[in-house]
Amino acid sequence: GADQSEVDPVSMTVPLLHMIMLVHRAARRYIIGQISSTERMAPAILRWLHADPAQGENLALAALYVAVNFLASRKFYSVAGPVALWVGGCSPAMAVVVMCYCFNIVIGCMLKSALLTNAAKGQVHTRYGTGRMHSWPSVAAVNATALPFFVLRMRYGSQYVWEMDQWMGCVAGYLVGIAWLVVVSIARIRAGDSPADVQGGVVVGAIIPRLMISFADPLKEWLAAGELFTQPTLVLGAFALVCLSIFPMPLKSNGEVFRDALACYHRTAVMLSFLLAFTFGSLRANALSLAAPAPVTLYHALLRVVAGLVLSLGTMVVVSKVVKKSLQYFLRRASLPATNDPLNEEKQKGISRAMHRGCMEVVIMSRAAAFGLSVSCLGPAVFAAAGI
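Going by the working numbering, 272 is the number at position 272 of the sequence shown; the sequence numbering is gapless.
What the hints contain is simulated information worked out from the structure, not anything from laboratory work. Computed from a predicted structure; not experimentally measured. Some clues are possibly wrong.
As the list claims (entries may be wrong) - Capping the alpha-carbon separation at 30 Å, the derived lysine-lysine pairs in DSS-like fashion look like this: (1) 75 - 325; (2) 75 - 324; (3) 321 - 75.
Let the hints inform the model, and build the full structure from the sequences given.
Next up, the structure:
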């Protein structure tokens with residue numbers, strides 16, 4: 001008879017999924033090849049730029065690259081974004097820029113997880129490295145490309161420079177954006193990203209604003225109208241649901257999901273929670289006419305920043321504690337009865353650990369949602385009530 005392994009299927013696929021897997025393999029093979037060929041260039045590039053720590057540390061350059069890596073990090077954006085929004089008056093245009101940042105993180109994390117390439121990790125030995133996930137694309141490079149040029153495109157439009165009344169400001173803005181992109185790229189290579197990772201981040205970051213700019217004006221009009229139950233709301237909710245449902249998660253040979261893929265999924269879920277709450281808060285703020293003009297004095301700007309940060313941190317703590325206590329009560333009520341069977345006991349422990357991990361994810365997502373709501377609505381409400 002025929003060999004049983006030739007008769008019994010190991011798994012099953014469908015034409016669309018099979019085509020996606022073929023494209024995925026080809027793309028991943030190409031990117032790994034690019035990483036392998038460009039990672040050998042990284043030390044030479046850094047030496048040419050006098051940015052290689054192995055050459056002997058130049059404290060001024062080291063401090064510069066540490067600062068640049070911090071300014072290009074998610075931690076900095078998570079503080080600088082709300083501060084700029086509060087000081088700038090919480091306008092719909094600034095809210096659209098925050099939404100663009102959220103899309104950058106979501107798309108970047110999805111690509112990182114799908115193409116999961118850690119070939120460049122550790123190629124540059126430096127204690128100044130930031131971030132633990134060196135993979136394609138570099139999200140720092142995505143943000144360094146997408147955000148400045150998206151803002152410039154919103155500000156100056158698509159007309160030619162010689163047709164502008166303020167052409168000098170436009171040229172200066174684009175030169176600063178290019179300089180920032182170059183410095184961030186060097187800093188990320190120094191921190192451990194391969195040139196291919198950075199190149200991929202630049203390409204992805206160039207595509208996102210080109211796509212987003214078509215929706216910038218409709219998004220501003222939608223946020224300014226302050227109407228929640230509309231088609232854009234459903235589209236945004238569907239976008240978040242689809243991203244969480246079809247998030248690419250590579251598996252090991254034993255069926256486990258790679259840890260870096262889980263980290264990317266976690267970041268995506270947190271960012272989408274923030275995005276949905278932030279958008280809802282922006283709609284409510286505009287519906288209640290809470291968007292105030294930018295403060296005319298440094299004193300008012302400082303008051304807004306301090307009040308906004310205190311309010312945001314307090315709201316996050318309260319919401320996370322309430323959600324955590326509620327989930328702990330649910331877990332106690334839903335706990336499985338004890339059993340004397342060792343196999344069932346081990347299985348119950350595994351289920352319990354999975355439930356606790358899921359509950360912790362819900363707590364973190366609720367904290368992000370509370371932060372988004374505080375930034376976009378609660379903060380402006382306090383500013384309006386206090387007259388600042």
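Mind checking the alpha carbons of residue 75 and residue 324 for me, to see if they're no more than 30 Å apart? holds (24 Å)
Are the Cα atoms of residue 321 and residue 75 separated by 30 Å or less? holds (22 Å)
Hey, residue 75 versus residue 325, does the alpha-carbon distance stay inside 30 Å? holds (27 Å)
Checked against the numbered hints above, the structure violates none of them.
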